[in-house]
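Please build the complex by placing chain B on the supplied structure of chain A, with the hints as guidance.
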Amino acid sequence: MGPYGSDSTTVSSTACSGPEIDAILTGTGYGLSTSGPCHVANPDYSIPFNPSDVTTWVDSMLTDFNSTSTGNLHLQPIPATWTDQICSPLNPTDSSPSHALIAQQRKEEEDSGIRLVHLLMTCADAVQHGSTGLAAGMVDEMRVLLSRVNTLSGIGKVAGYFADALFRRLYTTETPLSVTDHEVLYHHFYEACPYLKFAHFTANQAILEAFEGYDRVHVIDFSLMQGLQWPALIQALALRPGGPPFLRITGIGPPSPDGRDALREVGFKLAELARSVRVRFAFRGVAANRLDDVKPWMLQATHGEAIAVNSVLQLHRLLTDPGTTPAPVDSVLEWIVGIRPKVVTVVEQEADHNKPTFIDRFTEALFYYSTMFDSLEGSRPHHQRQMALAEVYLQKEICNIVCCEGENRVERHEPLTQWRTRLTNAGLNPVHLGSGAFRQASMLLTLFSDEGYCVEEVDGCLTLGWHNRALISASAWRVPDADVSPDDDSSVIASNSNNCINSNNISGSDDNNRISM
Amino acid sequence: MKRAVSPDSASSKKIKTEEPASPVPDLTEDLLYEVLRRADERTLGSAACVSSRWRRLAQDERIWESVCLRHWAALGCAPGQLRSVVLALGGFRKLYISYLAPTVPSRSGASRRRWSRDELQMSLSMLSVGFFSGMMGGSMGKLPPGRRI
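The listed protein sequences correspond, in order, to chains A and B. So in the working numbering, spot 473 of the first sequence is number 473, and the numbers just go up one at a time. Remember, the working numbering sits 517 above the position in the second sequence when you count from 1.
Just so you know, these hints were derived from the structure itself, not from any lab. Treat the hints with care, as some may be off.
Stretch-level coverage of chain A by chain B, calculated; a stretch enters the list once three of its residues show a Cβ under 8 Å from a Cβ in chain B [stated by the list, open to error]:
(1) 356-363
(2) 434-441
SDA-like, lysine to any residue: derived pairs with alpha carbons at most 20 Å apart [to be verified]:
(3) B:Lys611 x B:Asp547
(4) B:Lys611 x B:Gln576
(5) A:Lys107 x A:Leu170
(6) A:Lys107 x A:Arg148
(7) B:Lys611 x A:Thr417
(8) B:Lys611 x B:Phe648
(9) A:Lys355 x A:Arg275
(10) B:Lys611 x A:Ala103
(11) B:Lys611 x A:Lys107
Quick reminder that beta carbons are idealized off the backbone N, C-alpha and C, glycines included.
Pulled out of the complex, with its shape left as it was, chain B reads as follows:
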């Protein structure tokens, strides 16, 4: 006897078998890069924890450059000028994580925030001082970070 297959059970069966078994598709590097390029900062942070390959891509300077540029007012200089200076002084990712993000008090504000020119200039100044301190190394009398009394 033929069993009548009702449309409902058929479609629900169909939906069940179509559910993906593995949550992370195996994308090529180009595709992964394109996806991450549009992600926000928190997503990038999580993405960097997935695997070393993902980490490498999530920490790409170009991605963090667009993260920074997404949020700030124009400085008045050419983008190439800004890029070469920031990369020379430690990079956009460092700029964002060390000096821009801490200015935002709340968690939710980060992705919507727009930094003013003064805030940017301050962050860039801090970046340059941090870079310079690193250059000077031990001769500045700076203690290694883990040192305790």
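Bound-form chain A, shown alone:
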């Protein structure tokens, strides 16, 4: 199994057709079957996708588990919380005598699943202690087990990803994903489940409320991607009673390979949309590989405009190993406070994947991504390719957490409580997300899936989770006395070739589209 970096795949920016998607997937080690999900050998054994069965299964799992002795497996005991987290769509509700054989097979699968989890923990422990030989042996053992377990859903699937990640940690070096591939995966993840939509709509609601009464507004997006968050904001501003303000968006993103200017293309599309709904609009792209390469002068914050800073799943990339100070995030938070925004919207994964010890991170990630994969299966079961790519998106995160260290490990998720402390220490005050945001989030869930997802309000922040486990959190912050006018920065923007930063301006107006560089 080679490294899964996609340098050799050329994913065109203009079309991402079937063969190219396949190329991404093959590059990551996945070959897709042409016949849809395959079933376990027994033809009577079907894999239902009805998530309402999961809670029944979990209950029966817990009663079964408590009565089964695990002592004879001679392995570490399963952490007590694990049994609460195992969610598999294997359906136990049918208990008629003619299905005794199926029940037994299922029991064996469950036992294999439990054994897999044991092996994963033990292997991770071995990796942490540097016993690579022992770890390698366990990886082989896991592969054998995986061949006997249904890896298309439930615990088998998640265990498969984690075993794969351990394998990569031991044998291969990580190559980061190309920008285009990441965007494709992000888009499929956006479509397959409500997490990113929740992030965008909740942040937009907070931004809308902060922009009330201002005639000139400026949004700074820490990760533009394909700009999916902004059409909704443009539309909402277009419908604002009293008319839309003049909207500026500054989109930050990595420089695109092969001379393409992805930021500019997205900016064009946004300008076109703004023009069709008659919102005065200007766009600016700032290309930077890392957020801490961005300096406030590049954003051209001007006097009298209301600024919103939007960070969706970006701040955790600026963290370092706990205990090492200063972290890049602190300098970024400092300049955020310095430009005196009206609102800072922060969306982060609700997980603790930045713990100092490997085994702790591994365990946390195992719980988190099990729930995450379970929710993916629970929502729309069709669109298999979309689901597959959404899973690859998550698989990349898993690999980064398990395989990478130091600067390469960017998926340093921290829970909301820690972010609260960090942001408060930086000088930001929390803003209560109103009930409007909560109701919109609830409505989003009814539109896209109706079982299992839950929105909760925690101290003015919103979290979206699956079966009472919060997976993503959204919060809003402001600078105290933000009505003080920002410093007027009239320095000329010069292009700094050192950090591959370039910026371009796209303005749209009712009459014509002017593009100025």
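Okay, now just chain B, sitting in the frame of chain A:
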């Protein structure tokens, strides 16, 4: 001999001959439009299946605009403002069918339901994202709808 025609048979004969032979009267476009304008969503759906002429009328944006406005709370903006934005982003019919109707779980609830401001804003957001995705086309890595593995 004159046959006595009883009033009953006369009236029943009368009723029989007055029964319409063809169920669909040949209305002019204006009249048809006025009728459809007052119809509910399900009727509009059925009407669109009758003929291409009926389909064209049943899918008229003005009709669907009144369908939407019938059911929702005020957004606070001027109607002209709302109209120009929704038409630019795909239209009222698309808004209703793709984003408002799916929120109603039961069949019978649709015609009586009133959407709240938040639900409307959510639907409008989804409409704008859908429109934008369509604009981006292939560069978003989106697969054509019929594609399977």
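Each hint tested on the structure:
{"no.": "1", "hint": "356-363", "in the structure": "violated (count 0)"}
{"no.": "2", "hint": "434-441", "in the structure": "holds (count 3)"}
{"no.": "3", "hint": "B:Lys611 x B:Asp547", "in the structure": "violated (23 Å)"}
{"no.": "4", "hint": "B:Lys611 x B:Gln576", "in the structure": "holds (10 Å)"}
{"no.": "5", "hint": "A:Lys107 x A:Leu170", "in the structure": "violated (32 Å)"}
{"no.": "6", "hint": "A:Lys107 x A:Arg148", "in the structure": "holds (12 Å)"}
{"no.": "7", "hint": "B:Lys611 x A:Thr417", "in the structure": "violated (41 Å)"}
{"no.": "8", "hint": "B:Lys611 x B:Phe648", "in the structure": "holds (10 Å)"}
{"no.": "9", "hint": "A:Lys355 x A:Arg275", "in the structure": "violated (47 Å)"}
{"no.": "10", "hint": "B:Lys611 x A:Ala103", "in the structure": "violated (47 Å)"}
{"no.": "11", "hint": "B:Lys611 x A:Lys107", "in the structure": "violated (48 Å)"}
Hint compliance for this structure: hints 1, 3, 5, 7, 9, 10 and 11 are broken, all remaining hints hold.
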